[in-house]
Amino acid sequence: MLTYLIRRLFAVAVMLVVVMLAVFGIFFLIPEWTGLDPATMFAGKQTDAQALEGIRQKLGLDDPILVQLFDFFRGILVGRDYSSAGDSYHCEAPCFGYSFKTEQAVWPILADRLPVTMGLAAGAVIIWLIIGLSAGVVSALRRGSFWDRAAMSMALSGVSLPIYFTGLLSLAIFSYGLGLVSNEYTPMEESFSLWFSGMILPWVTLAFLFGAMYARLTRATMLEVMGEDYIRTARAKGVREPVVIRKHAMRSTMTPIITLLGVDLGALMGGAILTETTFSLPGLGQAVLKAIGEKDLPLILGVTLITASAVVIANLIVDLLYGVIDPRVRLA
Amino acid sequence: MTDTHKSGTAAVGEPVADARPPRAFLEVRDLKVHFPTEDGLVKSVDGLSFNLEKGKTLGIVGESGSGKSVTSLGIMGLHTVGQYGRRKAQLSGEIWLDGQELLSSDPDHVRKLRGREMAMIFQDPLSALHPYFTIGHQIVEAYRVHHDVDKKTAKKRAVELLDRVGIPQPDQRVNSYPHEFSGGMRQRAMIAMSLVNNPELLIADEPTTALDVTVQAQILDLIRDLQKEFGSAVIIITHDLGVVAELADDILVMYGGRCVEYGTAEQVFYEPEHPYTWGLLGSMPRIDREQTERLIPVKGSPPSLINVPDGCAFNPRCPYADVPKGNVTRTRRPELRDVGGGHRSACHMEKADRERIWNEEIAPKL
Ligand SMILES: Nc1ncnc2c1ncn2[C@@H]1O[C@H](COP(=O)(O)OP(=O)(O)O)[C@@H](O)[C@H]1O
Ligand code: SF4
Ligand SMILES: [Mg+2]
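Protein sequences, first through last, are from chains H and D. Start counting at 1 in the first sequence, then tack on 637, and there's your number in my numbering. Start counting at 1 in the second sequence, then tack on 368, and there's your number in my numbering.
Bound-form chain H, shown alone (with noise of 0.2 angstroms):
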């Protein structure tokens, strides 16, 4: 195990450079392509060519394109000082550079709105596992009958139904027609139930969307692990039905729902996004929306890197867990 985990790590950092460097480049080539200046943008409506040669210094965007890959990482794993003639400042690790549009630097504005994406992603996860995982089961066990077909039901069009249509679907019936729930985003510190009352809604709308894969996935799993051998060899031994499910069975069952979680962590992102611009939620989707519109490439960029790496460990945490489960991941 130690072994497979030192393994995983190493390959976790190789692929964070990558993501990295491939960041760059994509960020690195837009201006080329398009023909915006970053001086131009960064610069706004003050235009006057000493100024803008002022920005291109301190950005270093004349410099050789391996002195800017590397003030890129150093910015990122150390911080890095911005400066021109007389004016110098200094960007604090993790440095993405400053907002076009702001002129803040990037990361305290991520940093504000990472808990929120954050928060919403992890319950509904939490709210997606169990409930996909129960009504698969459930099914699974009682196949035929009128439970399986209901919940099956509710999976299809929980697959087939988009996130803004239950969304609002759901804020017009619970916050506004009812009132069981606050319509509006609180912080976890302010209040936590005010905050949990906000996020209701919006963990099951995305957890509703996944929920529905993982029930079928679950169901099917369950049925054919149900005919395999080791679970009839286990009522041979005399072990209680009960038992034969919740241990033999459902952990064979867990490895492909693992394997389409690792997946899906990086497809809960345009998820989120959906969600959150929804129910406007203060979070990082609704922040790179913004950005794209407003061409803020230092932004963009951040929230790219952010996601991919939350992708990366997120991988990395199934990966080990995987390990846990099948021996055979293990040594292999």
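No wet-lab data here; the hints were simulated from the structure. A hint or two may mislead.
Subject to a maximum C-alpha distance of 30 angstroms in a straight line, what follows is the list of computed DSS-like cross-link-like pairs (lysine-lysine) [claimed, not checked]: (1) D:Lys719 x D:Lys693; (2) D:Lys520 x D:Lys456; (3) D:Lys524 x H:Lys884; (4) D:Lys596 x D:Lys422; (5) D:Lys667 x D:Lys596; (6) D:Lys480 x D:Lys456; (7) D:Lys596 x H:Lys884; (8) D:Lys520 x D:Lys596; (9) H:Lys932 x H:Lys695; (10) D:Lys523 x D:Lys422; (11) H:Lys695 x H:Lys927; (12) D:Lys667 x D:Lys480; (13) D:Lys667 x D:Lys693; (14) D:Lys519 x H:Lys884; (15) D:Lys524 x D:Lys422; (16) H:Lys884 x D:Lys456; (17) H:Lys884 x D:Lys719; (18) D:Lys520 x H:Lys884.
Listed next, the stretches of chain D that the computed footprint assigns to chain H, with coverage defined by at least 3 CB atoms under 8 angstroms from CB atoms of chain H [as the list claims (entries may be wrong)]: (19) 445-455; (20) 477-485; (21) 514-526; (22) 687-694.
All values derive from a computational prediction rather than experimental measurement. Glycine included, each C-beta is placed from N, C-alpha and C at the ideal position.
Chain D with the ligands: place on chain H using the hints.
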């Protein structure tokens, strides 16, 4: 009926309806296991009866699809657990184990007997062991289901059994996973697991079919040694008569869900009565003969268990179907008849015809 029968087992041919108490340790009476399917009722086992005493071995022989596994799962009570949403298997008849009738018993009572009174070894030890748990864990579980002991005690017991079935360095191998074992070692571990509670009845369903030829003999030797040591009743199921040649006291030949011949190993090997048994004997691999010299094995495919042929189920494939007079072979199902000394066979052929064919056509080629 059992007076002249020298081994501890005896066939019970006629369907038994009365509730007379069992005389043998394991007594199966007119067992039927039918599966309702879209295409019709699959009669996988259709009226099987046999007896088995402790310390004795019964070999159940028949080609693939003849209902051997369904019989063993029926005895273990495994057709009725976990059939989620499936159509229920229909079981009838009686299974007496140590004085208790199992088919009419409470399912949880039968569960408690599983693994403790009766245990089973399966054909493919790789798929029969859970890939995510260590060998030790799986043996410990088998022990702790029936014994209220802590994990340490149970693990000691697991190591002891792994040692007994010939696994080297059992105190280390107990922590290995199934995929870290070779096929033969896995089957040894499976045997250790089945014996962990000292079961009185051990059912081995094709225990060597998935193994290399060289390992097969070792596993069979092991089963024989353990039977002597543990004194349990053993049922060995196989499609290969050679496997039970040295192991079985009695042999039951199955065809299409029914018993077609039953007798002691000597009777079935040296005076086989049924044409299907002749075919099985003819298809037995022998080292001292060339492949081409051997009797041609049974041609054709096993009967459909949904539309079992009228008359003798074997008649579409039997080379001697026209020997009995009239069309009896195709119209009337042959009963299991006693042909002497507890030896039973289900064939319409007259004794004289049978002896002539055996002596002139079959025996010389074997
Ligand atoms: N659950 C089931 N439903 C329908 N048919 C079954 C079921 N289990 C077994 N059978 C059928 O019963 C027949 C006998 O099977 P089996 O006992 O496994 O044969 P074998 O002698 O090779 O062990 C086969 O034709 C098989 O298709
Ligand atoms: S009854 Fe007829 S068909 Fe059946 S085994 Fe005997 S001879 Fe062959
Ligand atoms: Mg079988």
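These are the hints, each one checked on the structure:
1. D:Lys719 x D:Lys693: At roughly 13 angstroms apart (the allowed maximum being 30 angstroms), Lys693 of chain D and Lys719 of chain D satisfy the hint.
2. D:Lys520 x D:Lys456: violated (40 angstroms)
3. D:Lys524 x H:Lys884: holds (23 angstroms)
4. D:Lys596 x D:Lys422: Judged against 30 angstroms, a Cα distance of about 11 angstroms means the pair holds.
5. D:Lys667 x D:Lys596: Roughly 38 angstroms separates the two Cα atoms, so the pair is violated.
6. D:Lys480 x D:Lys456: Distance of about 22 angstroms is within 30 angstroms: holds.
7. D:Lys596 x H:Lys884: violated (35 angstroms)
8. D:Lys520 x D:Lys596: Since the Cα atoms of Lys520 of chain D and Lys596 of chain D sit roughly 29 angstroms apart, the hinted pair holds (cutoff 30 angstroms).
9. H:Lys932 x H:Lys695: It holds: about 20 angstroms lies between the C-alpha atoms, which stays within 30 angstroms.
10. D:Lys523 x D:Lys422: Given pair Lys523 of chain D, Lys422 of chain D holds - Cα atoms ~28 angstroms apart, limit 30 angstroms.
11. H:Lys695 x H:Lys927: holds (25 angstroms)
12. D:Lys667 x D:Lys480: violated (43 angstroms)
13. D:Lys667 x D:Lys693: The given pair, whose Cα atoms are some 23 angstroms apart, holds under the 30 angstroms limit.
14. D:Lys519 x H:Lys884: holds (17 angstroms)
15. D:Lys524 x D:Lys422: Holds: Lys524 of chain D and Lys422 of chain D sit about 27 angstroms apart, inside 30 angstroms.
16. H:Lys884 x D:Lys456: holds (25 angstroms)
17. H:Lys884 x D:Lys719: violated (58 angstroms)
18. D:Lys520 x H:Lys884: holds (20 angstroms)
19. 445-455: With 6 residues closer than 8 angstroms to chain H, the stretch 445-455 of chain D meets the three-residue bar; holds.
20. 477-485: holds (count 6)
21. 514-526: violated (count 1)
22. 687-694: Coverage by chain H is violated here, the residue count being 0 at a Cβ distance below 8 angstroms.
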